[in-house]
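Protein chains in written order, with the UniProt record's numbering: chain U, 1 to 247; chain B, 1 to 381; chain R, 1 to 281; chain C, 1 to 286.
Please keep in mind that the hints were generated in silico from the structure rather than gathered at the bench. Check each hint, because a few of them may be wrong.
Said to hold, decoys possible - Restraint ranges, calculated between C-beta atoms of paired labels, are given here: (1) R:E84 <-> U:G40: 42 to 52 Å; (2) U:G177 <-> C:P183: 21 to 31 Å; (3) R:S66 <-> C:N54: 50 to 60 Å; (4) B:G266 <-> C:Y188: 46 to 56 Å; (5) C:E83 <-> B:A214: 48 to 58 Å; (6) U:A57 <-> R:E84: 27 to 37 Å; (7) R:Y248 <-> B:A59: 42 to 52 Å; (8) R:G116 <-> C:I255: 27 to 37 Å; (9) B:N216 <-> C:I130: 54 to 64 Å; (10) R:V133 <-> C:Y188: 32 to 42 Å; (11) B:T321 <-> C:I72: 21 to 31 Å; (12) B:A214 <-> C:P279: 53 to 63 Å; (13) C:E83 <-> U:L150: 25 to 35 Å.
Stated by the list, open to error - Which stretches of chain B does chain R cover? Using the computed rule of at least three CB atoms under 8 Å from a CB of chain R, they are: (14) 69 to 82; (15) 85 to 94; (16) 324 to 335; (17) 364 to 372.
Unchecked claim - Heads up, incomplete: computed chain C residues facing chain B, CB under 8 Å, no partners named: (18) E5; (19) L6; (20) T209; (21) N210; (22) A218; (23) D259.
Quick caveat: nothing in here was measured; it's all calculated off a predicted structure. By construction, the Cβ of each residue, glycine as well, lies at the ideal position given by its N, Cα and C atoms.
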Amino acid sequence: MAAILSAEAVTVRFGGITALKDVSFEVKQGEFLSLIGPNGAGKTTLLKTITGIVKPANASIKINDREITKLPTHSRIRLGLALTHQIVSPFKSMTVLQNVMFAAGYKKVRNIGLSILNFSRSSEKKDAMAFLEMVDIAQYKNFPVSTMPLGILKRLEVARALAIKPKILLLDEPLAGLNSQEASRLADTIKLISQNGMTTVMIEHNLSEVLRISDRLYVLDNGKYLASGNPKEVMKQPEVRTAYLGS
Amino acid sequence: MKKMMLIATLCFVVAGLGTGWADDTIKIGLHVPLTGFAASDGKSSTFGAELAVKQINEAGGVLDKKLELVIYDDQANPSQSIPVANKLIGQDRVVVGVSGSYSGPTRSAAGVFQEAQIPYLSAYAIHPDITRAGNYVFRTSFLGEVQGRAGAKLIGEIMDKKRVIMITLKNDFGKSLAAGFKEKAADFGITIVNEYEYSMKDRQFGAIVAKVKADNPEAIYASGYYFTAGPLISELRASGVNAPVIGQEGYDGSKFIEIAGKAAEGVIITTSLDRDSKVPETANYIAEFEKLAGYPADMVSASVHTAVKIAAQAMENAKSTDPVKIRDAISRISMKASTGTIEFNALGEVQKNVQNQIVRDGKWHHHSVIDDPELLAPPEK
Amino acid sequence: MGPYEISLATGVGIYVILAVSLNLITGYCGQISLGHAAFFGIGAYTVALLSKLGWPMYLTLAAGLSSAGIIGVIIGLTSLRVKEDFLAIVTMGVAFLFVGIVRQQEFFGGEMGISGIPSHGMTKFAYLCFVLVFAMLSILFSWYVKKAWIGFAFDAVADDEGTARTLGLDIKSYKLTAFAMGTSMAGLAGGLYAYYTRFIVPETFGFIESITILSMVAVGGIGSTFGVVFATVLLVMMPEVFRFINDYKLLLYGALLFGVMRFKPEGLSGFYTLLTGNKEK
Amino acid sequence: MLFIELFIQGLIQGSTYAIIAVGLTLIYGLLRVLHVAHAGLFTLAAYLGVTVTNQFGSLSLGIVVATLTSGIVGVVIYRLVYEPILNKPPYVALIASIGLYIAMEELFRLIFGPFGLSFSSAPLQNVVVIFGIHLRACQIITVITNVVLLGILAWIAQKTRVGIGWRATVDDPEMSASFGIDPIRVRYLVFFVGSALAAVAGVLVALLTNLVEPTMGAVPSYKSLAIIVLGGLGNVFGTLIASLALGVIEAFGTIYIGDFLDRDAIAFAFLVVVLMIKPTGLFKSR
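Extracted from the complex, chain U is given alone in its bound form (with noise of 0.2 Å):
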């Protein structure tokens, strides 16, 4: 199967530290690839230069073989993609169904003439509920963003992002801050989705979780490659358990 997504020799600079030195990987149609390494490996800087919110010194992007390294971020996610943020960033003005429902409605925002011309939200309203409940947060629809926990907002960030109905969706640790029963129920249903054929790459810490729904993992530290493969392979790997637990 040819690359969904690929990167090439992505160096990202940040004033005089070199966060990324010439990353590359690919990821297939409907895999599901972790990027794993230790904090400050440059995984959230890689996952953000894909989507065009880091400017890299150099790299080359290409979904479907198609170059996107120069396109705004907007134009790189209506090509198929989806990021789910480290940090919650909620509309802190809307209710949980509401933050859904804008992203549902994201053919009717495409440009302004649609946006103007659509009116109801009602259909809009209906693929968020499904997808409230494919996350089990149905039952908060209604209450602001603002009152809500960091689980229940790292829930809403998933249903958020496949609103959108993305072709690759990029998580960036959505199994942070939850306690371990919320997050194998989370990590489930990422594998479910993953397994109805969407292309998924995950940044976590999470090990167990990771090894349990991964097909492959990418291993990064300060900012270089390190290790891929399959996860229990490359979890044996020495130089990945010193990287990890440190020597």
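Using the hints, position chains B, R and C against chain U.
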């Protein structure tokens, strides 16, 4: 439903205001800038008008009825003076309107009074378009252009200074003075070396003063009000520029001397209030004003005082308070007032002598008079 | 209704259009503008100049509306580079530039402004109704925009631009549209004002006017159309109702602004939500 | 010769902008509050300075009274006005501050009258001639005060505990609190120092123009907003340079492009151009 409720409240509130009712006094309307940057001139205008009404009522009022003054604040803002004018006409039922304000608000109010066929007297606003609003609009002071021309004669002929620098305040007052000055400058042999402009809000003039010092003129024709001219003159003198400074009625008042201090000595202005005048109307006004207001009389208060006096005299002559008759009486009036003899031409403008005053030992004193008829002739149409 | 009430109501109508137009930019799309009076001015000057050339009223108003809108979009480009308080100060700068340039050019009448603008040809009362129709239209338009998907997009931009971008929203076009809508409506209000006063000076469209309009939006409750309309009527009527206490009028106005923002920051719309219980979403 | 004079006049004007703007940038850097009423304290100090000097005949007593009163009023304004609405969006504090400024302007007019005050005999008006340039003592003192005050401030910000505490609170209030720096005390101190600086500027301008009027704060109220943006938020050095640059540009602009743009338009044209090139202002914000 909500919108209907909103419109209902709007109409109710508005209708509720229109409940003026007639009574036994004769009302004269006056709009002045009581707040905002021109608040000081607003205060002087109010005192001038109140003194006039007090004097008239003490002398038996008009057509043996008491004269009542209705004063509203227009913040020297054109869009404020329209509702004010309509309120004076529609609600307070004034028979005559008087402007104690600047050119902007006076121009917009003039249109309203003209349309309502109520006579309207502009006390000291100098914009040419005011009287062009129609035959119900009169002006009891001379135009900016006329005063500018007088300034040219004062410098070119009376003081015989030829190389002149102009410092012009960038508003309609400053611009019309500059226009009049430039019109006649050549006739009096004046060469204008340079002209610098400044904004109403400026109080520090370091840059202009430095340039004027480099130009080294024989005389400076500087337009402005006391709150800009005071700081400008003291900076000019402090930087070593000793050329005489000639100003206009905007300086008129004791405040200018207080701010400029010693630097004010020798400054000459073209104005309409002669402090050393032997003419009883003027001398008596100056004395009475100081008693009422507690500070020396100034041109602004004198002009408003004149306007109110004319309105009252016109009603006496017309023997009626019908606005149309009052307008005719005003157009034919000839009266001696604190700022000179008032006679209106077809356009409602006056022909008055220009009283030049000079600051000597911290006081305004008589310097000279300009009375050439054709130089000071206001426009006819 | 005497001439005083008519002139007052016409003034209220014009300011309602102006406040609703700023609410589109600042209230809905979250882009704070301290220079809105400049577009009020552009509309007024365009109509003044064209009407003196003999253009009919509907053409001059359309020209005023579009010229303000076009320049509004250009100014809107600044909102792509600076945000919130920086944007407020840049738009304030734009207002000073507008007044600074107009005041210097004889073409615009310079300090003397433009006078003798031809009459609208209607009776005063007919013109009042004409203005109130436009006010009603601007309220309806603003209400529709709030409820349509474009309003939803504006909410997202106002709430969190970065997140909206990661959901595929083209922030730039929505910001520029908000500016285009708001500034062209302000241009219309400017045109109507020119016919109302029939003479305009640069000073009327300066920084103080921009603050007055922003205060109407903020006191009304930013983002709430009815709160803004109610606050506009209140703030325009207040100086008239308190006309008799001349000396304290401006003090009261300053105190009201300060009081509402200090004690009820969500503005009068806070009452609206209290009355009807639903946040105006 | 003329260029030197224009440059010096620009520095004098720039110095008055600097002292006001620095107070504002301290406050803005800390709380991101556009404290327009700061210009009201500038006017209050000018009134107190002139009244006390006329009453007791000593300018120094006037300055002390003016700076202390304005400093205290500044802290009171923080405590009663800004503290309760700090969590609200920025336009709330901005409009509250504008409303407060309008009310202050009107109070001055109602209390001190519309005519404005002047010194009965203005001090520091004696003329000093340096290289043929006539300067009044108060003009020289304005520049010196500016350099001295801002030098002390920059030194405090860099070297002393209080300064470091202030800069830490600006960067990250929670973090600095965890190091035992009481953010409330820092805010009181900043408002006091900022307002006292505005007071010094008020008395200086009163000396320069010998005229104190209710609306004298109008120009500084919006111009200092442009300066703190130009100078970078909370950046004392940046604000000093931006103020002096603006003063000099206005001085030359008034003479050479005066008939195209008026003074305010020149200042704001400079601001808009800079911000479009570098959206964070001339200098890196603190």
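A quick look at each hint next to the structure:
In this structure the supplied range 42 to 52 Å is violated for E84 (chain R) paired with G40 (chain U), their Cβ-Cβ distance being about 30 Å. The given range of 21 to 31 Å is respected by G177 (chain U) and P183 (chain C), whose C-beta atoms sit roughly 27 Å from each other. Taken as a hint, the range 50 to 60 Å holds for the pair S66 (chain R) and N54 (chain C), whose Cβ atoms sit roughly 57 Å apart. Taking the beta carbon of each, G266 (chain B) and Y188 (chain C) are about 52 Å apart, inside 46 to 56 Å as hinted.
Checked against the hint of 48 to 58 Å, the C-beta distance between E83 (chain C) and A214 (chain B) comes to roughly 52 Å, which is consistent with it. Take A57 (chain U) and E84 (chain R): their Cβ atoms lie about 30 Å apart, and the range 27 to 37 Å holds. For the hinted restraint 42 to 52 Å between Y248 (chain R) and A59 (chain B), the CB-CB distance of approximately 34 Å leaves it violated. Checked against the hint of 27 to 37 Å, the pair G116 (chain R) and I255 (chain C) passes, with Cβ atoms roughly 35 Å apart.
Take N216 (chain B) and I130 (chain C): their Cβ atoms lie about 20 Å apart, and the range 54 to 64 Å is violated. At about 54 Å, the CB distance of V133 (chain R) to Y188 (chain C) disagrees with the hint of 32 to 42 Å. For T321 (chain B) paired with I72 (chain C), a C-beta distance near 57 Å fails the hint of 21 to 31 Å. Taking 53 to 63 Å as the suggested C-beta distance range, the pair A214 (chain B) and P279 (chain C) does not conform, at roughly 40 Å.
At roughly 29 Å, the beta-carbon separation of E83 (chain C) and L150 (chain U) lies within the given 25 to 35 Å, and the hint holds. A count of 9 residues in the region 69 to 82 of chain B with a Cβ less than 8 Å from any Cβ of chain R is obtained; the coverage claim is therefore met, three being the minimum. Coverage of the region 85 to 94 of chain B by chain R holds [criterion: at least 3 residues with CB-CB distance below 8 Å; count 5]. For a cut-off of 8 Å, the count of residues in the region 324 to 335 of chain B with a CB near a CB of chain R stands at 0, and the three-residue condition is violated.
Restraint check on the region 364 to 372 of chain B versus chain R: 0 residues with Cβ-Cβ distances below 8 Å, three needed, restraint violated. For E5 (chain C), the suggested interface contact is upheld, since its CB lies about 4 Å from the closest CB of chain B, less than 8 Å. For the restraint placing L6 (chain C) at the interface with chain B, the shortest Cβ-Cβ distance is roughly 5 Å, inside the 8 Å limit, so the hint holds. Residue-level restraint check for T209 (chain C) holds (minimum Cβ-Cβ distance to chain B is 4 Å; threshold 8 Å).
Evaluation of the N210 (chain C) hint against chain B yields a held restraint, the C-beta minimum of about 5 Å falling below 8 Å. With a cut of 8 Å, the hint placing A218 (chain C) at the interface with chain B holds, because the nearest CB-to-CB distance is about 7 Å. Against a cut-off of 8 Å between C-beta atoms, the interface hint on D259 (chain C) holds, since the closest Cβ of chain B lies about 7 Å away.
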